[in-house]
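Trainee: Listed below are the residues making up each chain.
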Amino acid sequence: MTAAQTPTVRRQTARERVRELMAHRESGVFLALVIFFVVMYTVSPIFRSPFNLTTILRQISITSIVAMGQTLVIVSGSFDLSQGSIAGLAAMVTAKLWKNFGLAPPIAIMGGLGVGVLCGFLNGVLAARFRLHPIVMTLATGAVFLGVNFYITRGESIIGLPDGLTWLGKGRIGQVPVLIILMFIVAFLMHILLTRTLFGLRVRMIGGNLKASQDVGMNVERIRIGIFTLSGFLAALGGIVLLGRVGNALPQIGQGLLFPVVTAAIVGGTLLTGGVGSMAGTLMGAAIMGIARNALVVLKLDIYLNDVMQGGLVVVALLIDQFRRGELTWRIIFGRDR
Amino acid sequence: MSIEHAVEMRGISKRFGNVQALNGVDLELRRGELLGLVGDNAAGKSTLMKTLFGSVIPDAGEIFVEGQKAGLRNPRDAQALGLAMIYQDLAVFNNLDVAANVFTGREYTRRVLGITFLDKKRMYDESHALLERLRINISSPKLLVERMSGGQRQMVAVARAIGFDARILIMDEPTAALGVKETNTLLDLMAELRDQGISIILITHRITDVLSIGDRVMVLKGGERQGVLDVEDSTLEDVENLIVRGRPEGGG
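From first to last, the protein sequence lines are chains A and B. FYI, the numbering for the first sequence is 1 to 338, going by the working numbering. FYI, the numbering for the second sequence is 1 to 252, going by the working numbering.
One thing to keep in mind: the hints can contain errors.
Using C-beta positions, here's what the derived DEER-type ranges look like [said to hold, decoys possible]:
#1 Gly114(B) <-> Met110(A): 15 to 25 Å
#2 Glu221(A) <-> Thr235(B): 53 to 63 Å
#3 Asp26(B) <-> Arg324(A): 46 to 56 Å
#4 Glu221(A) <-> Tyr87(B): 23 to 33 Å
#5 Arg73(B) <-> Val316(A): 27 to 37 Å
Restricting the straight-line Cα-Cα distance to at most 27 Å, the calculated cross-link-like pairs of lysine-lysine (DSS-like) are [what the hints assert, rightly or not]:
#6 Lys170(A) <-> Lys96(A)
#7 Lys181(B) <-> Lys211(A)
#8 Lys121(B) <-> Lys142(B)
#9 Lys211(A) <-> Lys120(B)
#10 Lys142(B) <-> Lys181(B)
#11 Lys120(B) <-> Lys142(B)
Computed footprint of chain A on chain B; a stretch qualifies when at least three of its residues, placed anywhere within it, have a C-beta under 8 Å from a C-beta of chain A [said to hold, decoys possible]:
#12 99 to 110
#13 219 to 233
Source of the hints: derived by calculation from the structure; they are not laboratory data. Being a predicted model, the structure only gives us computed values, none of them experimental. Just so it is clear, CB atoms sit at the ideal spot from N, CA and C, and this is done for glycine as well.
Chain A with its partners taken away, still in its complex shape (with noise of 0.2 Å):
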C-alpha cells in the first residue's frame, strides 16, 4: 500500500549540529567581533587598557539602548526612523520638566520617558490603525517631533543639570559606570522578551509572514503598537542617558542617534525584511562598530574616517546578508547570469 519504506530512524549528527549552529545568524557575527576583537588586542596596547575597554562600552551603551528598540521594529517587519527626534525631545522635555516646572530628577525623567511613550504609541497607531508605510511615516513624525522640540525650547539650551538628571549618563555603581549596566539590563530583558515571551513570538511571527499572522488570528494592529511604543520608550530612555553623558540639555542632542542605532541592528544580522534577528546580534553589532571607531583613533588614523567607515560597514553587512540569502551571487556580479 504504501509507496516507499517509512523512515523511522531520528538522528541528529555531529555535522547537523554545526550546520544548525552556524545557520544562527549570530555566529559570523560573533566570530567577526572575536577576531576583530584579537586583532585589535594584539596590535594595541592602548586598546587593550582598561580604561579604553571600558570607553569603548560606554560609548555604544546609547546606541545599543536604542538599538534595541530598533531591533524589535525591524523583526517586525517595519522600521522606526523617528527614534532620534524621540531622544531628543524626551531629553529636552526632561530638562524643562526640572528647569521650568521645577520638578524632581526622577519625575522629571519619568516625565521625559513619558513624552517617548507617547510618540512611539502615535507611530504605531498610524502604522497599525492608519496603515502608513512605517519609513516615510515616521521619517515624517520625526521632524514632527523635533520640530516640537525646537518650538518649547526655542532652540535655546539648558545647562548646569544636576547630578539627579546626570547620573544615568555619567554615575557609577562602585565602578562600573551606571550607563553600562543599564545596557546590559535593557539587552537581556530585551532579550527575554524577543525569545521567551508571547509577544516576542508574535513579533516574530508578523515580521516572518503578515498574512498567516492575520490567518491564524492574532491581533496584529495591537503588537504593532506595542512594538512602535517600545521603540519609543528606548529611544527616549538612550535620550535621557544621553543628556547626563552630554551634562548640558542642547536641542540638537539625539540627532546623530539613527544612524549607529540602525547600523548596530543590520551589522549585528537583523534581517531587513523583517522576521529574523537578536538583541545579542545588536549587541555585537554595536561593539563591532564601537571597537572600529576606536579603532581609528587608537591606531592614529584620521577620525573623520569614521563616517566612511561606519557606512562601508554596513553596506558590507548587507552584501554578507544577500549572500547568505542567496539572493546574490558571484555569477550575478559578473553578469553571468541575467
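Fit chain B to the supplied structure of chain A, relying on the hints for placement.
Mentor: Relative to chain A, chain B alone:
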C-alpha cells in the same frame, strides 16, 4: 445522513459570473478513508474543497460533517468542526522553528508577573511526541523551517493541522512542487494518518499517487461529478478516461 461518512456534500453549486464552477456536485468522504479528487484544470476541484472549508459559500447545496448539517461561513467554522486544509502555498513561518509552527495560534504559556511567557519545553516535548506519533522524519522540533525541504514543510503543516485535532484533512496539490523521494515520504505520511483514523481528501494531478495510497477516486469535469471509482479495481486508464471523456451515467 449516514454516520459512516465523515463528510457528505449534497448538490453543491457555485457560479462565478458566467462560469458555472460547480453544478450539483455530491461528495461522500467515508470515515478513515483517503479519497482522491481528480480532474482537469478548471474541473472545480479546488472550488469544491473551498466550499467544504468555508472559504467559498456555495449558491446551493448542503454540507454535513460527521452527520451534522454544517453552516460554514468561514474557515474558522470549518476548523471548529475538525477540518483542516493544507494548501500548496503553505502558511508556515519559515523564520520560526518546528514547534512554534506546530503550535501557531494556540501556544502554551505561563503568566509570571503579568507577562505571558512561552512554555517552550512543553511545546518542544509535545511537538516531538506529535512528530513521533505521525512518524514524521524531522529530527528535532527546534529546527528552523527555513532550513527544510518543501516536503518537510508540508509535513510541518500537516503536524500543525493534526495538532489542532483535525479529523478531516483536505490537501490541495501537496506534492506538486516536490521531488519523487519527498512525494513518496509525504504519501506515506498520508497513508499513516489514514490508518490512524483521519479522513483525507487529496486533490492531485498525479493520479498514480491516488492509486498507490488512496481508497477511492472521485472525478470532476466541468464542475460536475463524473463518478467515483474504487482504487482496488481501477486502472490508471479507467481514471484517465473518466477525466477526459466523462461518464454521463456516473452520479452528479
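Trainee: Of all the hints numbered above, which does this structure not satisfy? Sort the numbers upward.
Mentor: 5, 7 and 13
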